[in-house]
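Visitor: Below are the chains, spelled out letter by letter.
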Amino acid sequence: MESFRATPTFSFLLFLFLSPSTPFVSHSRPKGLYYSPSSTVTTFDDFVMPASMPSSPMAISPAMPTPSMFKKKKSTNAMSTAASYLSAVSEADARARVNKGSPGSTPALSLSSSVTTSSEDTVLEESDDNASGLYYPAVPPTSEQTFNTVHTEFGHCGNENYRYTSHHTPGEPIAGVREQDPPYYVLLTTYLSYILVICFGHIRDFFGKRFKPSAYRHLMVRNGYAALNSDFDSFYTRRLKTRLDDCFSLPVTGVPGRTIVLLDRYSSDCNVSFHPTGTKTRALNISSYNYLGFAQGNGACTDAVEEAVKRYGVCALGTRLEAGTLDLHQQAESLVARFMGMEDALIASMGFATNSTIIPALVGKGSLVISDEFNHASIRFGVRLSGANVRMFKHNNMESLEKLLREVISQGQPKTHRPWKKILVLVEGLYSMEGSLVNLPRILELKQKYKFYLWVDEAHSVGALGPHGRGVCDYYGINPRSVDILMGTFTKSFGAAGGYIAGNKNIIDRLRVSAHTGPYTEAMAPPVLTQVVASMASIMGVTMLPEKPASSSLSLLRSPDSTDNAITGLEATAYPGTAPSSALPPWMHLPQSLIDGSDGEMRLRRLAFNTRYLNRALRKLGFITYGNDDSPVVPLLLFHPGKMAVFSRMMRTRATPIVVVVVAYPATPLVTSRVRFCLSASHTKEDVDCVIKACDEIGDLLDLKHGDGERWPLEEIISRAVELVNMKHVP
Amino acid sequence: MSGSAATLEPLFTFLNYSYNTFETNFYKIPGSAVVARYVKSSHQNDPGRTLLEVILIIFAIRTLLQSRTRADHSGKHFIQFDEKEIDDLVDEWIPEPLVYPLDQKEQADLASVPVIVGPNGPKPKLASGKTVVNLASYNYTGLAGNEHIKERGIETLRKYGLGSCGPPGFYGYQDVHHQLEQDIADFLGTEAAIVYSQSFSTISSVIPAFCKRGDIIVADRGVNFAIQKGLQISRCTVRWYDHNDLKSLEQVLEMVERERRKKKSPLTRRFIVTEGIFDVDGAMSDLPKLVELKQKYKYRLILDESVSFGSVGRTGRGLTELYNVPATQIDMLVGSVANGLTSGGGFCAGSEIVVKHQRINGTSFVFSASMPALLAVAASEGINILRNSPSILSTLQENVRAVRSILDRADYIAIPSHPASPMIHLYVRLPSATFLMPQTPATPFTPSLPSLAHSPTSPSFKLSNPLSVAPRDPPVFDAELEERLLQDVVEECLAQGVLVTRAKRLNQELNPVRPSIRLALSAALTKKESEKAANVVKAAFTKIVGKRR
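In order, the protein sequence lines correspond to chains A and B. Counting with the working numbering, you get residues 607 to 1337 for the letters of the first sequence. Counting with the working numbering, you get residues 3 to 551 for the letters of the second sequence.
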């Protein structure tokens, strides 16, 4: 294996290897469609089992590659390039390690007692094949444990040690982003590979235009029409992104929960078009925004949504101000306000549009928006629509913000030097590409001094952070009302769609009337609202009013401060309190585990554990990652654009396929291409182990371990996971 | 003299030494000899040139070191303050409140928004406990509450969960989305389609995906708010033509072409942006003529069918079906899944290239989670139902005719909408013709058919300024008064058991929009019910507006 450890030159060459001009194939391709050109491939064809051969899930022999090493449904795997060769080797290696290293963990095929009756829909037919380890838990459940979730949607994890509470210890300095620089040769080769690919692209364009004009027709002036997209504008997309296109926009089906089902596809024209092979692959899903694991086809929230579809249908018919307001909207809004600890809240039917259509209602000409440089596209869209002036400060850099504030307030508006009407600072709670948390305490100090208004976009942090899941304010123990506007989405933590704005009553009322969402955009659909209400209530816990106070035995599971308050309805309004039963629609009947909040608490604590575990484990392995330890978004730096494709493909073609998100320029700075993991409460510790193992192997092959700090061997990390998570500081 | 030379002695030695070191090090660099020779010979030939080159090098270094961002510090408007002064200025500065509280009228407006308890549909129950006939919600096809759709929705829910939990690029693109896109493309007869998760954000993302700075857009003066926002964000050159006036359009196209020839500017992308049925007043575009013009002048057409998709045509395919124009002739056909198919989201249909381009460049497609699977399936089912039961649209058209025949003859109502449009705008027509009613035929609120209204009856037809969004003779109306009257009509209708709504607009619209009541008819109501409701509306107008005079 060591011979494959990537040297700088090698990793830099990978990108070239993987150019579509070499016939790379995605991992599954129908048999007979493809003849491999290279003779080395034939040796590897021996690995591959014909699709028709029955496979026994238990037949795993370490000595030789066996049929079960690939998933049953997978057909001919043609290894024509270095990448496929590498991934095959890594897979074989992984297989060998699994069998040598952990004899205790035999793949248990116990049919857990827990799978609910309606699970046929979500569990695929081939689920008797547990070769990938995705269908059944590695450790069979004991008789005391009952799990009422489907393991492929929401993993079974009964071990109470694998829990943690996401919080910030007051007084502790807030670490900025630990930006580690890679060795210079990595940077140099990264730039070189970009230059090379750009050169190749231009050469191909040059000859392509002359020898294959039909392929360029739509990029040229034709018939009196200017090109819709000129060859220059689309260069990056055509010549760089296309090379990695098999790693993006993979079609999927089923619940995007703990696992996800990929619809396999192949391309015979170098990623220009893709064709379905008709097969499916179930993969461990470490990519979807499913922080609290509410993406479920089964369970109490989904039951509530089903009831809502039966009662309300699927559409609210119209805009909020023009006969599209349902009672559900009002109930959801008041619940959101209570959840966020704000006076009032407003719900919009699309997360992107929450930013892009509401910011213009707050600021306009003569106002200044100060925006973090890494803010999401929706914020930029909204700011551009508002017509306000914009200034940016360095990502999460409070000195830069303060310097900018001093400058803009003292200078006033450009040219006229009139004072600004108002200044709105726009930050995100958790940055989705960086994994960094906003330094909210410092910003609030600055807010006191410089009198700006603060908008915190909690798209990723709400639900995912804080001991009660209320987002960054909860995480830092800050009164949410010290922030003017809390914005967030329901897509990520609540398994729904759309977004909200929470703030003072007069702000929200103003937005109802003056933001684009009120009169022009469709109201949120009733099933989505129900999912929001049910999932949010289950995180908060519900106080039965007034005759049935929550029984104390059950409320023990909740944090002590809310148990005390949960008795009376009046005190339930305290933040972060429970939801009164009156806030829920009368027809919504939630089971006890949701009402007492134990289910929500379990989700929060599992997410917090998984998050901290993966973050710290990757650092202990020597990877360069960005962001906070408590951030469920974990970016792992790859640097090389070529490594992105290889990383993604190797993860996807492992014995336990894992799907990952790779991002590069323009979503990130040019040299810091990265892979981004999004953890979920639905992952078990074994799932995170699996990701760590995969990263370890691939990281060795791709020469990714450039981080400094103490390193632990893989086995130690896995066995000392609990200790690692509970450590105050990681040396 | 010698004293000073003695003191300078160490300095000279140092200079000499450093010059020597520099020289030896310089000659160690490969290729340095060539440089030295070049400098020497050029200096020999032309000493002035050395000076010039040294200045050039210094200038180049300076330019490189300068920050590339807008240099606000060095700008001539920058005033230098010391820290104390800045502190004072910070203390002095009093910002405006983030928002101004609602005034009384706005509060009343907000309070008057109807709240529906339980499902919305043709006859919803309001918070007051009253069951009303709904002429306000978008349910043209009457698919809301369809049991089959609900069933399929629940099946989908069990299989996919609710949310898609990710943008389309990152595992959020489910097979149901693909299916819906195909269904829409097949239904309309285009090569492909792309689905966005909110209808408002569709066109405001489609326009900037294609139109960049320097491109030319010729747009109708009455386009809806979403288009206005799209135009604003695209930063391209916009030329305006009179609302739904294709003569004016042709003149503008002619003018743009002349301008281009005169300037000899290179060919840029050119688009016509308009709507099928205008959201602002219900007028309908003359599609065949529009297509003819677009082809003649070689423009691409972005047609917003948010209102017309699912509401006109034999099976609800929209304007293309109504006028029998192949949808392939329209480059970007944008529509609403939320209104047309009573689900959620919007779509853009067009050629394969157009759609593929948006998958990477459509901001609100790329950066937003894809729509819940359940809504996608509901929309696909909706298309199926429309395709198989043309009776839905014929019922709707019958209702439209029935309602129009009642309201067209009403004394106090002016209708700018097209007779086939199921979205009907009602303006107040005050009884005295002189009162606030300039009888310009070009203004859209004459009761006559819009197609007639826009033929220039006055011989001295003059073009409005295409550079400005404001029309040459803007309609004159007393917005405040009309709004008040219309709100009274809405409340009167509600008291009589008919739910109607004013068309709510923001004052950020480019042109002031005349207040109206917007009816949205539905195939879910019978002809009798629709007629009855229309009579209630008519009576309410008579009662409220008639009483005034």
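Be careful, since some hints might not be right.
Partial selection, computed: residues in chain B whose CB lies under 7 Å from chain A [stated by the list, open to error]: (1) 57; (2) 59; (3) 165; (4) 168; (5) 267.
If you want the footprint, here are the derived chain B segments under chain A, 3+ residues with CB under 8 Å [to be verified]: (6) 118 to 131; (7) 139 to 147; (8) 341 to 348.
Just so you know, these hints were derived from the structure itself, not from any lab. Where a beta carbon is used, it is the ideal one built from N, C-alpha and C, also for glycine.
Visitor: Classify the hint on residue 59(B) as holds or violated, based on whether any CB of chain A lies nearer than 7 Å to its CB.
Guide: violated (25 Å)
Visitor: Taking a Cβ-to-Cβ distance below 8 Å as contact, does the segment 341 to 348 of chain B have at least three residues touching chain A?
Guide: Coverage by chain A holds here, the residue count being 4 at a Cβ distance below 8 Å.
Visitor: Is the hint on residue 267(B) kept, meaning its closest Cβ partner in chain A is under 7 Å away?
Guide: Not OK, violated: residue 267(B) not within 7 Å of chain A, min 11 Å.
Visitor: Examine the segment 139 to 147 of chain B for residues whose CB is less than 8 Å from any CB of chain A, and state whether their number is three or more.
Guide: holds (count 5)
Visitor: Holds or violated: is there a CB of chain A closer than 7 Å to the CB of residue 165(B)?
Guide: holds (5 Å)
Visitor: At a threshold of 7 Å, is the proposed contact between residue 57(B) and chain A supported by beta-carbon distances?
Guide: violated (31 Å)
Visitor: Does residue 168(B) pass the interface hint, meaning its C-beta sits closer than 7 Å to a C-beta of chain A?
Guide: Holds, about 5 Å.
Visitor: For the segment 118 to 131 of chain B, do at least 3 residues have a Cβ located nearer than 8 Å to some Cβ of chain A?
Guide: holds (count 7)
Of the numbered hints listed earlier, those contradicted by the structure are 1, 2, 5.
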